[in-house]
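Asks: Here's the letter readout for the chains.
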Amino acid sequence: MANRNSWLAWVFLIPALIPVAVLMYYPMIGTVIESLYSSSFINPAPQFVGLELYEKLFASAEFATIVRNSLIWTVFVVVMQNVSGFGVALLLNQHLPTSGLLRALILLPWILPGVVAAILWRFMYDPQLGLINSFLIRLGLSSEGTAWLAEADTAMAAAIVAAVWKGFPFSAVVYLAALQDVDREQIEAAIIDGAGRIRRLIHVIIPSMREVIVINLVLTTILTFNYFDMIWVLTRGGPQNATHIFPTKIYELGFGQFRFGDAATYGVCSILVLAILITLYFLVRRGDKAEPAGRA
Amino acid sequence: MRRSMMLATVLAVSAPALGHAQDVVLQFWDNQQTESGLSEYQQEAVRSFEAANPGIKVEVTTIPYPEYQQRLLTAVRSGNAPDVSTVDQIWVAAFAEAGAIVPLDKMAEDGGVTAETFFPGAWASANYQDQLWGIPFNVDVWQFSFYNSALLEAAGIEPSSIATFEGLRAAGEKLTDAAGGKFGIGLMGHKGEDTVVVLDSFIFSNGGRVLDDDGSCALTSDEAVEALAYLQSLVPYAPRGIANASSGDMRELFLNGSLAIEFWPALEQPTLQKSSIDWDFVNGTAPEGQTPIGTYGGWNLVIYQDSEHQDAAWKFIEFLTSEEVNGKVVDLIPANVAAADTFLNANRKGPDRILEHLNNASPRPLSPRYLEVSDIQVTLAQDVYAGMDPAEAAEKACAAIDALN
Amino acid sequence: MRGPSRVDRAGIVAAQLVVALIVLLPFFWIVSVSLKPGDEPFAIPANLWPDNPTLDNYISAFRPEFRTYFLNSVIVSLSTVVITISLGLLAAYTFTRTQTRAIMICMILVIAAQMFPASAIIIPIYQMMNAVGLLNTYASLILAYITITLPVAIWMLRAFMIRLPVVLDEAAAVDGCGPFRTFFLIILPLSRPGIVATSVFVLIVTWQEFLFALSFTSTKDMRTLPVGMNDFIGQYGIRYGELMASSVLVSVPVVGVFFLLQKQFVAGLTAGAVKG
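Protein chains in written order, with our numbering: chain R, 1 to 296; chain E, 297 to 701; chain Z, 702 to 977.
Just chain R, same shape as in the assembly:
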């Protein structure tokens, strides 16, 4: 299906492009425009202020906090989700009777509605009533327990753990599918060559999954960066903005305080920061990328 058939390519493509253009780009452009006006619920006659809102934003200490929190949140959650997801996928790729059942059960954290998972974890972290402190106290690891979500130091870490638990099954499923796809002949060849388990993993399996790994990393980065439910229910961004990230800030400004212009500004910045993050990642990759796409 080479370039001469590109009109056919467009036929295949257009049905997918239309919803994205209409329901994502069109509103987003509207949001960008809105960020150039100072408008809020109580001031329905918007005035054009150009980049003034952005200036105000960049100058605020809060913006720096939100950027920092978002980056820490995203990087830790993504790395931990992918590593644990990959490990679990390896574990479940074995032809054992238990594997079948576990493959299905492992999905549970991901399937659980986001709000419920967050409420569950909030309760587990409860200083008096929660499972986690109960465990720690029973095991003698702590005398009084910790107020996980109430202290600025531990709140973000606690949220990260909860998010990793919630989302790692997605990576596990993707990697499991990719593992299924690995060329058997290459593995057989490696075994014949005398390569042990670890060497097979590092030199045959992972390289052949490279595309999938890259895509999954970028995907989980995007999804995590915009992940709203967990932090909102756990801490609403507190304590003292220690866990406030872009999505929670946007929601708080727009729906909580009726400040739409500011929410729009944060929305645009959110995309910019995320885009920079991903571009950085690809730049790093470009260094060691060998094959062009489309060839095995």
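No lab work stands behind these hints: they were computed from the structure.
Here a beta-carbon is modelled for each residue, glycine too, at the ideal position from N, C-alpha and C.
Among these hints, one or two may not hold up.
[To be verified] Below, simulated BS3-like cross-link-like pairs (lysine-lysine); rule was C-alpha separation at most 30 Å, straight line:
1) E/LYS645 <-> E/LYS570
2) E/LYS353 <-> Z/LYS921
3) Z/LYS921 <-> E/LYS611
4) E/LYS692 <-> R/LYS56
5) Z/LYS921 <-> E/LYS624
6) E/LYS624 <-> E/LYS645
[Stated by the list, open to error] Below, a sample of chain E positions facing chain Z; criterion: calculated Cβ distance under 7 Å:
7) SER335
8) GLN338
9) ASN376
10) TRP419
11) ASN423
12) GLY544
13) LEU551
14) SER554
Since the structure of chain R is provided, determine the placement of chains E and Z on it from the hints.
Replies: For chains E and Z alone, coordinates are given in the frame of chain R:
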């Protein structure tokens, strides 16, 4: 043949339309009540309204609290608002400033609905810039100090003593045994309105205010800072994790006997009645010799600017807030004073005390930017509970509030 | 892959069980809370089993509205999966096989759309739906869900398809297959694990999506399951027992579906077909 068929079709199609031409359908949105079988009573009330007002139908949509603010906002912004809805007292000024709702002065005057019918704080919360924007629907006060009688008795504390600053602190000390998992006072500091109303009531009771009449910040006054310092002194007697604690969390601890005193509005009573705790309450806390002043909470009924049936909507509001009906359609306390009297005597322990606290209570600042003020106050509370110097914390808050203008 | 040795097997099963335990521990808690009667307070330290377990919460959670919400969720999710996968497959195929500049730019734009934060664009989308009268219909949700899952679906499908070498297409062309036949007879079957993985992804994302469902549905009979959860969350308190019971009822069907789908998922590819 053709002609008569056409005629018949036209008649057949238009007949139902003719029949319904008079019917007005009112869209009414309300906060969904999860606790009681309230929706049944609301349905009944709606039916009797429809019976008394032929030609008006009411469609009730109940919306769970977590989504209410978002849905209303989205709807109003898109021109999709209902005809009439309940709104939290603290949104009235913003909705008025935004031109989303209509002033009700004339309708109220014509209908004989006056301030005297309702609790003063509730009526005040519906007024903004000398116009009436809503009619009070239900009210409550933060806070009542609910206490576990058994725990207080065991510690040798006279219950009425916890109504004073000194008494509450002393009680807190006797009741708290952190290592043993027992706590005296349920302080909350999460990002929520309950944190703010509790903070406010201590400030009010000490003679302070949040905003002055001209809208500038009053939190740096001596009275306010004293109240903040007092609250800070109570921290050792509260369960750990104040910065993420909500009133709901405190309730769970109260119910299982680890917390001796919890701060809640009168709404808490039905839950306590169902529990096995032996309980009672006092009307908040104030310095020795002064009357505790609580913070008003509640919902008002408003009519939306885009509504095409404003007269019908007004009739419905009059109906809902009348003495006979108000008590039957609310979960909080009816805003109609006469109805409240009946309601409290029938359903709540200590009705006289509740009425007293209601009559003394003060509303939160009626600013269209209240939601931003509230956010700043949450930060103030968290700062104070975390140990920051109260005067410094108050200055930080005032700087932020004054910067809003 | 040859089966692991005896010792290996024992070790792996043990590891699997440990992982399962850690991951599923919170679910024991969910079940425990779901069996706790509403008037029994939470204990300190936490009990993994309530004093007087009861099924009342499940009965309450399985109220008539629940069945409506469930049906709505099923209709919306399945429709979205079918349409998104169909459109996604076509688009992914194009992106892997045609490398013109314009198409590459399209691909980047599509994937970039994934970065838009939902809460920033929700009001404009709401207004658009309102303008065409689609609010409170299945169509609005399905459209919205297709839009938010399409970029990801395309990307995932592309990742799996890109491993299929172009020589396959060429061989098929030599055999006389046009582009459509190549697509349906050769590429699709070989992409099966990818299709299943992507379908599972889309299903689960739409099954638990909350923000759009909340914004686009107004009447109770159109709500989906996640929005229905809000029925148990009041202004000042959460009805934990019923909320947890409801979550169990919501999660079990999807797990069941995936368990049945597994065979498809794990089918893998016969050696030789890929190498070509």
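Asks: Which of the listed hints are not met by the structure?
Replies: Violated hints: 7, 8, 10, 11; rest satisfied.
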